[in-house]
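Engineer: These are the residues of each chain, in order.
4 protein chains.
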Amino acid sequence: MPKVVPGYKEQARNRILNEARSVFSEKGYHSATMDDVAKALGVSKGAIYQYFRSKKELFLAALDYHAGVRGSVVQSFLQEGGLKALCTEEFFDRMREESMGSLLLNYDLLRVALSDDTLRKQLRVKHEQWVKGVAEMIQHSLGEKEVSDEVDFLSLARAVLAIRDGLYGSLIVGGDAKKARRAWSVSMTRLLGSVLD
Amino acid sequence: MPKVVPGYKEQARNRILNEARSVFSEKGYHSATMDDVAKALGVSKGAIYQYFRSKKELFLAALDYHAGVRGSVVQSFLQEGGLKALCTEEFFDRMREESMGSLLLNYDLLRVALSDDTLRKQLRVKHEQWVKGVAEMIQHSLGEKEVSDEVDFLSLARAVLAIRDGLYGSLIVGGDAKKARRAWSVSMTRLLGSVLD
Amino acid sequence: MPKVVPGYKEQARNRILNEARSVFSEKGYHSATMDDVAKALGVSKGAIYQYFRSKKELFLAALDYHAGVRGSVVQSFLQEGGLKALCTEEFFDRMREESMGSLLLNYDLLRVALSDDTLRKQLRVKHEQWVKGVAEMIQHSLGEKEVSDEVDFLSLARAVLAIRDGLYGSLIVGGDAKKARRAWSVSMTRLLGSVLD
Amino acid sequence: MPKVVPGYKEQARNRILNEARSVFSEKGYHSATMDDVAKALGVSKGAIYQYFRSKKELFLAALDYHAGVRGSVVQSFLQEGGLKALCTEEFFDRMREESMGSLLLNYDLLRVALSDDTLRKQLRVKHEQWVKGVAEMIQHSLGEKEVSDEVDFLSLARAVLAIRDGLYGSLIVGGDAKKARRAWSVSMTRLLGSVLD
DNA sequence: CATGAATGAGACTTCATTCAT
DNA sequence: TATGAATGAAGTCTCATTCAT
Chain A
2 MPKVVPGYKE
12 QARNRILNEA
22 RSVFSEKGYH
32 SATMDDVAKA
42 LGVSKGAIYQ
52 YFRSKKELFL
62 AALDYHAGVR
72 GSVVQSFLQE
82 GGLKALCTEE
92 FFDRMREESM
102 GSLLLNYDLL
112 RVALSDDTLR
122 KQLRVKHEQW
132 VKGVAEMIQH
142 SLGEKEVSDE
152 VDFLSLARAV
162 LAIRDGLYGS
172 LIVGGDAKKA
182 RRAWSVSMTR
192 LLGSVLD
Chain B
2 MPKVVPGYKE
12 QARNRILNEA
22 RSVFSEKGYH
32 SATMDDVAKA
42 LGVSKGAIYQ
52 YFRSKKELFL
62 AALDYHAGVR
72 GSVVQSFLQE
82 GGLKALCTEE
92 FFDRMREESM
102 GSLLLNYDLL
112 RVALSDDTLR
122 KQLRVKHEQW
132 VKGVAEMIQH
142 SLGEKEVSDE
152 VDFLSLARAV
162 LAIRDGLYGS
172 LIVGGDAKKA
182 RRAWSVSMTR
192 LLGSVLD
Chain C
2 MPKVVPGYKE
12 QARNRILNEA
22 RSVFSEKGYH
32 SATMDDVAKA
42 LGVSKGAIYQ
52 YFRSKKELFL
62 AALDYHAGVR
72 GSVVQSFLQE
82 GGLKALCTEE
92 FFDRMREESM
102 GSLLLNYDLL
112 RVALSDDTLR
122 KQLRVKHEQW
132 VKGVAEMIQH
142 SLGEKEVSDE
152 VDFLSLARAV
162 LAIRDGLYGS
172 LIVGGDAKKA
182 RRAWSVSMTR
192 LLGSVLD
Chain D
2 MPKVVPGYKE
12 QARNRILNEA
22 RSVFSEKGYH
32 SATMDDVAKA
42 LGVSKGAIYQ
52 YFRSKKELFL
62 AALDYHAGVR
72 GSVVQSFLQE
82 GGLKALCTEE
92 FFDRMREESM
102 GSLLLNYDLL
112 RVALSDDTLR
122 KQLRVKHEQW
132 VKGVAEMIQH
142 SLGEKEVSDE
152 VDFLSLARAV
162 LAIRDGLYGS
172 LIVGGDAKKA
182 RRAWSVSMTR
192 LLGSVLD
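Chains as they are written, first to last, in the numbering used here: chain A, 2 to 198; chain B, 2 to 198; chain C, 2 to 198; chain D, 2 to 198.
A hint or two may mislead.
Since copy identity is lost for identical chains, a pair holds within one copy or between any two.
Mimicking BS3-like on lysine-lysine, the simulated pairs with C-alpha atoms at most 27 Å apart in a straight line are [what the hints assert, rightly or not]:
1. Lys179 x Lys122
2. Lys56 x Lys127
3. Lys127 x Lys40
4. Lys85 x Lys122
5. Lys57 x Lys122
6. Lys180 x Lys10
7. Lys40 x Lys56
8. Lys180 x Lys56
9. Lys180 x Lys40
10. Lys28 x Lys122
11. Lys85 x Lys10
12. Lys46 x Lys122
13. Lys28 x Lys56
14. Lys179 x Lys127
15. Lys180 x Lys122
16. Lys28 x Lys179
17. Lys28 x Lys40
Bear in mind the hints are in silico, worked out from the structure with no lab data behind them.
My request is simple: use the sequences and hints to build the entire structure.
Structural biologist: Have a look at this one:
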């Protein structure tokens, strides 16, 4: 047993991850400095380097850390209300809270990913997992009610995620949240409506 | 009045704009250096500064320059085939050729825009223009066939653009183009289908 | 709270201030580079930027730092000998030692001040303080001996300072120190003589 | 006989000299660019290089050119009114118009002069010429009225010039012209008063 | 002679990263 | 472990100067 609190390092790491995400999200990967992160944490720059080898590593770890958190929140929300919940404006807002910061970070991530094949593959895989998850959800909502052959669940899932990302993107430049929200429910209803009926 | 060929400066500017876009697109706004751009052009760094006051200005100008080109291509395509053309996979591909490079740049642009109110407003306005354009197109396709009150054209338009952006985004990480294409036509048909019938 | 020696930063700052003044004084504000200063200090350029935000700030701080030192030396000298001491060649020399390097810097400072309203105002105020100080000194020397209404102390003070600056200026181009010294005592005696008698 | 107007080159040169002085005076030697000068002239940068080999040469030539002009203006003024005219506030203003710009330039010149022995010597010589000129003027004013042995004309002359330069210097930072003017007449009267009586 | 686009050296400044304390 | 001063590489931008037209 070490003298220090067990799990201390883990806690410290997570604390850094949280703050780092916040800082990166606000200023952007390139504009945020290690000093910004350190100051937000109230520690010295050097301290961060004991947990992460480089800025890039910190950035990637921060994204990864929160991707897990976010996913779980969304999923739990869906499990309660099912596909119908997904079509609501409330769901859009709920997910937005979780995603907005990360969306911006994802833009930075994409840039970083472009020159890193491994990373790009990870992103692709993760995206496909989301697609499959949503597709299954849709299919599941149908229950045994109908023959599934006529519906392209995967394409629908892709579209759902695309709308989500596209609408959030429009919000970043200052788009009206009310309109985006409405666009979400309108399009979701049209897209999944016939499936639900 | 320059003794040199008239219009030379205009040409040179455009040449820079082209190359700059290419370089920024490949490396990203932050990672690309003015030297990269200069080398791609085969000129010295200083030369660029005779045409653009700063890296940011060059970046913005390059985006603007190509936004015009892109827009016109898309529009001409739509005028021929109308709303039905928009739902095709061919359209998706066609627009992709025009957009992909710019999409990445747009991510950089968003980051830049976040700390530039004027710029953000411009982006918002431009986006709204697209929305209106697409909404009108949809409404127009309906012709006098139906009462328009029941359909929220603007929301549909927003969704259409969101899907476009979202799908292109998925392609950037290496998503399968065929699947995205299919998702496009499937979702477009569902979204606009009842309008078209 | 730094673990390092307390007051270290203060010392380092002052060391930079000293060296900077020396370098600026020798090469001039514009010709001296931050690299020159860094090399004179035996540190890297970056180190300086931890203490001063810009070259201009460093320059201004260096001037300010030494202005304090200089002022105090002069004042103490005057308090002992009063107005008579001020008229001596010895005083001229004494003050010269303190001023010469700074005089050159002051020329640079004037140039900088021309495009900086705040700075210009500071200089003006500081100059007026000197004027008032000298004027009071003259008035004080008179004691209750005479009615002061007939003497324009402020104008005299202005003249005294002008002569000082003018003579030092002549020395910079290589003027003969002996002659300047003599001009000082001769003119001071004539200027303040009747006041002193 | 050349085709071009005889003396054209001379005229062009002088025109450049005039404008250059104006630009250098306003912006300072270092801050003024060759482009600034060219634009003020309404010609291209290249044109200037056909008359002057370098920026430094242009600067020096411009100063030299106007030194002559200025001197003559002042001298003519003095020849009319003699020493008494010199003591007036009017004279101070008159000379100020001629000197202010040049005073600033002289500061720049000093900096340049410091690393150029030849130049520094020229400045010293020129200054001594002024001193002698003023000294003779004072002596001349006395006429045969008195024995000159008791008065140190050269020192007085030095003081006069020093006051001029010192007061103008105070004006540069925004000092009150009225006060400087008054200081001039007050001090001149005290300095030369007994000589004049 | 004039033009002005291009050059290229070099200035200021910023950080990610290291390391002695 | 934490600190934060120092490093040094790199980036943006500026101009004096040149030269093909």
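Engineer: With reference to the structure, classify each hint as holding or not holding.
Structural biologist: Hints versus structure:
1. In this assembly of identical chains, Lys179 and Lys122 lie within 27 Å of each other by CA distance solely across copies; the values are 17 Å between and 35 Å within a copy.
2. Within a single copy, Lys56 and Lys127 get their C-alpha atoms as close as 22 Å, which meets the 27 Å cut-off; across copies the closest is 35 Å, which misses it.
3. Proximity of Lys127 to Lys40 under the C-alpha cut-off of 27 Å is found in neither arrangement, the shortest distances being 32 Å within a copy and 37 Å between copies.
4. Taking identical chains as interchangeable, the C-alpha atoms of Lys85 and Lys122 are never at most 27 Å apart, the minima being 32 Å within one chain and 34 Å between chains.
5. In this assembly of identical chains, the alpha carbons of Lys57 and Lys122 lie at most 27 Å apart only when taken from the same copy (17 Å versus 31 Å across copies).
6. For a Cα distance limit of 27 Å, the shortest separation of Lys180 from Lys10 qualifies neither inside one copy, at 44 Å, nor across copies, at 43 Å.
7. Both within a single protomer and between protomers do Lys40 and Lys56 lie at most 27 Å apart by alpha-carbon distance, with minima of 15 Å and 25 Å respectively.
8. Taking the shortest Cα distances, Lys180 and Lys56 never come within 27 Å of each other, neither inside one copy (37 Å) nor across copies (34 Å).
9. Taking the shortest Cα distances, Lys180 and Lys40 never come within 27 Å of each other, neither inside one copy (37 Å) nor across copies (45 Å).
10. Taking identical chains as interchangeable, the C-alpha atoms of Lys28 and Lys122 lie at most 27 Å apart whether they share a chain (26 Å) or sit on different chains (19 Å).
11. Taking the closest pair of Cα atoms, Lys85 and Lys10 never come within 27 Å of each other, the shortest separation being 42 Å inside a single copy and 58 Å across copies.
12. In this homomeric assembly, Lys46 and Lys122 never come within 27 Å of each other (Cα to Cα): the closest approach is 31 Å inside a single copy and 36 Å across copies.
13. For the homomeric pair Lys28 and Lys56, the shortest alpha-carbon distances inside one copy (14 Å) and between copies (18 Å) are both at most 27 Å.
14. Taking identical chains as interchangeable, the C-alpha atoms of Lys179 and Lys127 lie at most 27 Å apart only when they sit on different chains, with a minimum of 18 Å there against 29 Å within one chain.
15. With identical chains, the CA atoms of Lys180 and Lys122 are at most 27 Å apart between copies only, with a shortest distance of 17 Å across copies and 34 Å within one.
16. In this assembly of identical chains, Lys28 and Lys179 lie within 27 Å of each other by CA distance solely inside one copy; the values are 25 Å within and 35 Å between copies.
17. Within a single copy, Lys28 and Lys40 get their C-alpha atoms as close as 14 Å, which meets the 27 Å cut-off; across copies the closest is 29 Å, which misses it.
The structure is inconsistent with the numbered hints 3, 4, 6, 8, 9, 11 and 12, although it conforms to all the rest.
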